[in-house]
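Peer 1: Sequence order for the protein chains is A and B.
Residues 456 to 935 (our numbering) are what the first sequence spells out, left to right.
Residues -4 to 321 (our numbering) are what the second sequence spells out, left to right.
Derived from the structure by calculation, the hints contain no laboratory data.
In this text, all values refer to a predicted model and were calculated from it rather than measured experimentally.
Accuracy of the hints is not assured; some may be wrong.
Claimed, not checked - Derived pair list, reagent style BS3-like, types lysine-lysine, alpha-carbon separation capped at 30 Å: (1) 220/B / 853/A; (2) 872/A / 853/A; (3) 586/A / 722/A; (4) 879/A / 853/A; (5) 732/A / 74/B; (6) 732/A / 586/A.
These are the residues of each chain, in order.
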Amino acid sequence: MFEAISERLSRSLGKLRRGARLSEENIGDALREVRRALLEADVALPVTREFLDRVRARAVGQEVLKSLTPGQALVGVVHDELVRLMAAEHGGLALNVPPPAPLLVAGLQGSGKTTTCAKLARWLGERHGRKALLASCDVYRPAAIEQLRVLAAEVDAPFFETGERAPVEIARAAVAEARRRFVDFVILDTAGRLHVDDEMMREASAIHAAVSPVETLFVADAMTGQDAVNVARAFDEALPLTGVVLTKADGDARGGAALSVRWVTGKPVKFLGTGEKLDGLEAFHPDRIASRILGMGDVLTLIEEAERKVDRDKAEKLARKMGAGKRFDLEDLRDQVRQMRGMGGVRSVMERLPGMAQLPSGAMDRVDEREFVRTEAVINSMTPHERRQPQVIRGSRKRRIAAGSGTTIQDVNRVLKQADQMQKMMRRMRRKGGLSQMMGGVDPDGLPDLLSGMPPGAVGPGAAGPGRAARRGGKRRRFS
Amino acid sequence: MPPAPDRPTDARRAGILGRLRTALRRTRENLSSGLADLFSRGRKIDAALIDEVEEILLGADVGVDLADRIVADLHDRLKRRRLADGPAVLEALREHMVQALEAVARSCEVPPPAALERPFVVLVVGVNGVGKTTTIGKLAHRFREGGYSVVLAAGDTFRAAAIDQLQVWGKRNGVPVIAQQPGADPAAVVFDALRSATARSANVLIADTAGRLHTRTGLMDELAKVRRVLGRIDPAAPHETLLVLDATTGQNGLIQARRFTEAVRVSGLAVTKLDGTARGGVLFAIARELAIPIRYIGVGEGIEDLRDFVAADFVDALLARPPGNG
Chain A
456 MFEAISERLS
466 RSLGKLRRGA
476 RLSEENIGDA
486 LREVRRALLE
496 ADVALPVTRE
506 FLDRVRARAV
516 GQEVLKSLTP
526 GQALVGVVHD
536 ELVRLMAAEH
546 GGLALNVPPP
556 APLLVAGLQG
566 SGKTTTCAKL
576 ARWLGERHGR
586 KALLASCDVY
596 RPAAIEQLRV
606 LAAEVDAPFF
616 ETGERAPVEI
626 ARAAVAEARR
636 RFVDFVILDT
646 AGRLHVDDEM
656 MREASAIHAA
666 VSPVETLFVA
676 DAMTGQDAVN
686 VARAFDEALP
696 LTGVVLTKAD
706 GDARGGAALS
716 VRWVTGKPVK
726 FLGTGEKLDG
736 LEAFHPDRIA
746 SRILGMGDVL
756 TLIEEAERKV
766 DRDKAEKLAR
776 KMGAGKRFDL
786 EDLRDQVRQM
796 RGMGGVRSVM
806 ERLPGMAQLP
816 SGAMDRVDER
826 EFVRTEAVIN
836 SMTPHERRQP
846 QVIRGSRKRR
856 IAAGSGTTIQ
866 DVNRVLKQAD
876 QMQKMMRRMR
886 RKGGLSQMMG
896 GVDPDGLPDL
906 LSGMPPGAVG
916 PGAAGPGRAA
926 RRGGKRRRFS
Chain B
-4 MPPAPDRPTD
6 ARRAGILGRL
16 RTALRRTREN
26 LSSGLADLFS
36 RGRKIDAALI
46 DEVEEILLGA
56 DVGVDLADRI
66 VADLHDRLKR
76 RRLADGPAVL
86 EALREHMVQA
96 LEAVARSCEV
106 PPPAALERPF
116 VVLVVGVNGV
126 GKTTTIGKLA
136 HRFREGGYSV
146 VLAAGDTFRA
156 AAIDQLQVWG
166 KRNGVPVIAQ
176 QPGADPAAVV
186 FDALRSATAR
196 SANVLIADTA
206 GRLHTRTGLM
216 DELAKVRRVL
226 GRIDPAAPHE
236 TLLVLDATTG
246 QNGLIQARRF
256 TEAVRVSGLA
266 VTKLDGTARG
276 GVLFAIAREL
286 AIPIRYIGVG
296 EGIEDLRDFV
306 AADFVDALLA
316 RPPGNG
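Build the full structure now, drawing on both the sequences and the hints.
Peer 2: Quick look at the structure:
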């Protein structure tokens, strides 16, 4: 998400960034481009308009024209305004509240409320050690309650048995149940409702009034178009919202809805829902997203992701092994591949690196995640001996491995070559004692901090991959 | 495709008519407060008016490219003094847009039940939360009303309780649902379902699939496999691959249509959730680029709320200014 708008904006602002002189004309051109980029990203029209007005006012004002590098200053203004539009700081959930604290989740049909409820329960448990009772007030959609029951079991959260109650009663009874069971939170899922359905909107207010939730989250689909303003306004009027969860943010939607919803409700986007797996919930950091939109990369999230997902023990083991001058073998390659996939794949890592928006458009689309699956399959089909001593793999072994992994001999060769290159790279790294020379193509200024903050395994071949890829663009097979 | 039933037979009849009336009233009110005002007779045509047209188009998710093109066309005609006043502009605009959609407003041709030797297979695909299962429930109802015997295939083996949800719709329609356990291979479920439907000499098989983001290549491959295995039983199957699109979706809708078409050769569109304030303007871009026939629109949660797509009605609803978006 956000990469297309980011590509657009950095292209239109890039000219200004380079050429130092600003005129009314080129500001106008750049702003027209910005308008187009925002609209194509589904930022609602009134939001786009106000945004541009503010940028224009500041652009012709003292702070930009008087600055030594007006182009740079304009980029700064756009960045500022984007951040402002998305709220300056990210608001986590209100956690210091007397239990049982009700948490109400509402939104349109199909926006992803039920999945979000389960993700929230897991997030509360995993990150904060809090237990949440899940309860469904959706008595309308067939099997909605059953769906939450299944998900509750998956995230190991208690589930409130609805019985034959009306929605408001369910909410009340769930809170009472949570009190009895000494549970910290009650997450209340509600039926999807259309914002123009007065009766259903009244029901939502009634549920809210009955339990006075500490958090009332509006769930919005990241793919929503211009209608986001209408929907958000109606929900904001019916319910005292405290925040927004933007779901399906792992797709290629440009996410303008995030800006629209935030603008209408004035409430912060608190989480991004990414993927159907129940750990796919990311805290939302507006400043980082603004940087991502402007092509400055979102390395902070990347680091956090790496710290959470990368297996430190394995990374350290690898670092020790390399340090001791041992070979980088296929077991190591497999670990790397798995970790890369664990972080959401190359795409997701690349998206967050600075400078990625300058890639030719479509380069990201050509990243083939399946390559990783194939690589892992090939390695899985080897014997432990072969993984440690790849040089023993000759003709007949190659045939067996290819057959065993459902790939071709060329695929096997490619994996072997990859491991070999990795091995050479490791050796070079040890000699030169650093990584920065391998990261050509990526703005080196942004990297030292990033690298020092990451566990050794993640900055090894895994993180170097996208850098090299960025430099070599479409030439590599993986990108073709 | 069987026509929408003229006379709903159940007790919900008043409810449906009532809802339709409300919806129409809403449209009329919007028209009178928005466009009618804007295009009132005698209002001078100037740049401001054209700007407002652009706003309406952009606000309906028509997209920058298309809005620009339409506006340029209006400017052009204005210069040549072809447009006399407000109503003339509105008419020109409306015509332009209806024309763009008329070519793709084609319903799905299903032979009458007696003429069907093998089940007519409808494969339903789309991203998460667009309303695939609900659309299937309504579609099954339409087929039943048209005298077809229907079997449903629970091909969404991934999402929690998706199978239960489809079974509820099966029960409501009185049609069998072929399902396996959660987590089963969707291709296998759909394959078995087609066999079973053939054995029962059912007229129509409607296969549900799990919602998937079009960016997930692995899942898109899985869908292609579902399509492939159907072809193994009947080379002509699926006879219809229906992509369900949420009208609330913005410009991403075009990309969805593109990717699903690449993966499973989409042959028809169903646009859901048009009973809200979303206008579904992205359909213009889809019609232009991919020319996929638009089959149905979903206008509510009731079993009868699936209608044939009519270009003129759609455009009229779109041009009714959405509330609060000005």
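Peer 1: Could you run down the list of hints and mark each one as holding or not?
Peer 2: For each hint, the structure was consulted:
1. 220/B / 853/A: 28 Å, holds
2. 872/A / 853/A: Measuring from Cα to Cα gives roughly 13 Å; hence the hint holds.
3. 586/A / 722/A: 25 Å, holds
4. 879/A / 853/A: Holds, at about 22 Å.
5. 732/A / 74/B: 56 Å, violated
6. 732/A / 586/A: 19 Å, holds
The structure shown violates just one earlier hint, number 5.
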